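Engineer: Got chain A; can you put chain B on it based on the hints?
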Amino acid sequence: MSVGAWLAASVLEVRPAALGARALVLDVPDWPGNLPGQHLDLRLTAEDGYQAVRSYSIASFGSGTAVELGVDEVEDGEVSPYLVEDVRVGDQMEVKGPLGQYFVWDATDPSPVQLIAGGSGIVPLIAMVRAHVAADATASLRLVYSVKDADRAMYRDELLVLDAPRISTTWAYTREAPRDWAGTVGRLSATVLAEALHPASVDPVSFVCGPTPFVEFVAETLVALGYRPERIRTERFGGES
Amino acid sequence: MAPVSRGFGARRRETNDRLPPGQYLTTDFPVLSAGPTPRLDTVEWRFAIRDERGESRSWTWDEFHALPFEDIHTDIHCVTRWSKLDTRWRGVSVDTLMAGIETDAEAAMAHCYGGYTTNVPIADLLGGKAWVVTEFDGAPIDPEHGGPARLLVPHLNFWKSAKWVRGLSLLRRDEPGFWEQNGYNMHGDPWREERYW
Numbered sequence: 000m001s002v003g004a005w006l007a008a009s010v011l012e013v014r015p016a017a018l019g020a021r022a023l024v025l026d027v028p029d030w031p032g033n034l035p036g037q038h039l040d041l042r043l044t045a046e047d048g049y050q051a052v053r054s055y056s057i058a059s060f061g062s063g064t065a066v067e068l069g070v071d072e073v074e075d076g077e078v079s080p081y082l083v084e085d086v087r088v089g090d091q092m093e094v095k096g097p098l099g100q101y102f103v104w105d106a107t108d109p110s111p112v113q114l115i116a117g118g119s120g121i122v123p124l125i126a127m128v129r130a131h132v133a134a135d136a137t138a139s140l141r142l143v144y145s146v147k148d149a150d151r152a153m154y155r156d157e158l159l160v161l162d163a164p165r166i167s168t169t170w171a172y173t174r175e176a177p178r179d180w181a182g183t184v185g186r187l188s189a190t191v192l193a194e195a196l197h198p199a200s201v202d203p204v205s206f207v208c209g210p211t212p213f214v215e216f217v218a219e220t221l222v223a224l225g226y227r228p229e230r231i232r233t234e235r236f237g238g239e240s
Numbered sequence: 000m001a002p003v004s005r006g007f008g009a010r011r012r013e014t015n016d017r018l019p020p021g022q023y024l025t026t027d028f029p030v031l032s033a034g035p036t037p038r039l040d041t042v043e044w045r046f047a048i049r050d051e052r053g054e055s056r057s058w059t060w061d062e063f064h065a066l067p068f069e070d071i072h073t074d075i076h077c078v079t080r081w082s083k084l085d086t087r088w089r090g091v092s093v094d095t096l097m098a099g100i101e102t103d104a105e106a107a108m109a110h111c112y113g114g115y116t117t118n119v120p121i122a123d124l125l126g127g128k129a130w131v132v133t134e135f136d137g138a139p140i141d142p143e144h145g146g147p148a149r150l151l152v153p154h155l156n157f158w159k160s161a162k163w164v165r166g167l168s169l170l171r172r173d174e175p176g177f178w179e180q181n182g183y184n185m186h187g188d189p190w191r192e193e194r195y196w
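Chains as they are written, first to last, in numbering that gives the first Met the number 0: chain A, 0 to 240; chain B, 0 to 196.
Bound conformation, chain A alone:
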């Protein structure tokens, strides 16, 4: 699979995804389809020809030409404030992709899988959850989603109503929990991870995505809990705008 030229994209749908974040569905007529977990490059062109390019994870998967992104607004950013605040249905842009062939999950792989997201790191992982649901996959999937508070959780409604017997979701709130929450509030801990995840003995494949300090902590904790490093796949955010 080769990454070709820039592909024309137009905005099909915009909706709020969380506080300061937006789901953006693009219509990309020439999109070749993508695997769950892949990303793309998005290029914007101003009227005077000025261009900016950023990478975004893809929340959708499969062969369709409607490509969903989840964009978190970065303060003082150049591109994300435009995408989160200004973009309207019908606006034009370009994409290149799909990119990345390592941070992808194969829905036909029966091995236990665990997804650990921090903040907007949920975007490529929600694509894996959706692929699991769509395929009615046999793999047992554990999702751990760490967010500051419920308002900042992307895809919260979708995850709360998820009706999939082989998927379990564990929430971790680092600042403030919803009123009916029974767990503790604070930084994701090794204890919470150990309880929420598959035992290391079943050798699950792990996908970890979030800001660099989050990914560093989780990946190191997973290794300490006995998961094999070569089964832990990471993707880090940081320096993006």
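Calculated from the structure, these hints are not laboratory results. There may be inaccurate statements among the hints.
Cβ pair distances, simulated, as ranges [said to hold, decoys possible]:
1) B:17 <-> A:198: 46 to 52 Å
2) B:114 <-> A:198: 20 to 26 Å
3) B:138 <-> A:157: 39 to 45 Å
4) B:86 <-> A:3: 30 to 36 Å
5) B:126 <-> A:85: 45 to 51 Å
6) B:13 <-> A:65: 33 to 39 Å
7) A:198 <-> B:192: 42 to 48 Å
8) B:144 <-> A:89: 40 to 46 Å
9) A:185 <-> B:171: 53 to 59 Å
10) B:144 <-> A:74: 21 to 27 Å
11) A:165 <-> B:17: 49 to 55 Å
12) B:122 <-> A:199: 42 to 48 Å
13) A:199 <-> B:41: 25 to 31 Å
14) B:193 <-> A:185: 40 to 46 Å
If you want the footprint, here are the derived chain B segments under chain A, 3+ residues with CB under 8 Å [as the list claims (entries may be wrong)]:
15) 1 to 12
16) 28 to 42
Heads up, simulated EDC-like pairs for lysine to aspartate or glutamate below, C-alpha to C-alpha not over 20 Å straight-line [to be verified]:
17) B:83 <-> B:13
18) B:128 <-> B:85
19) B:128 <-> B:173
20) A:95 <-> B:193
21) B:128 <-> B:69
22) B:128 <-> B:101
23) B:83 <-> A:75
24) B:128 <-> B:188
25) A:147 <-> A:72
26) B:128 <-> B:192
27) A:95 <-> B:192
28) B:83 <-> A:77
29) B:83 <-> B:193
30) A:95 <-> B:188
31) A:95 <-> A:26
The structure presented is a predicted model; accordingly, all values stated were derived computationally and were not measured. Even glycine gets a Cβ: it sits at the ideal position worked out from N, Cα and C.
Structural biologist: For chain B alone, kept in the frame of chain A given last:
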């Protein structure tokens, strides 16, 4: 002609002629890694070069530090489109490490603790273009940024500057390393926008 994105461009950044096409400036130091960060003890650390005939030489941490170190002041460019200007490193030139090795190799594979590999043409490693570095900004390199030692090939996209490097094996013919098998370019010149296949 690229289609105009309505209303885009109000928040644009300063341009800079040290920025390759399609890159943007960051003052952070983002991290790109495929897996967990290996935690390495310099007592056990080794760096080795194996030529295409299978002959090898290696250095312990102390032996490596007996080699002449150089200060490197350079810009770096990541395939994920950030660039960072004026970074400062200290390390040993690959020319120094390769001195006395007679080779017709076309490329080298950098091997790393943790299993990561990346291929770099020999022409991009010699002639004052590449180093094995142990210091960033006056301090030991943080593990998440590749410490205790990483390759530094700053004129190529930064995934070629392999973290946690433990050796180079010289190859008669170029072969794809880890990211190169997973969609990234065999060469990776940011100025030619060599990002993907």
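Engineer: Checking each numbered hint in turn, tell me which of them this model violates, lowest number first.
Structural biologist: Failing hints: none at all.
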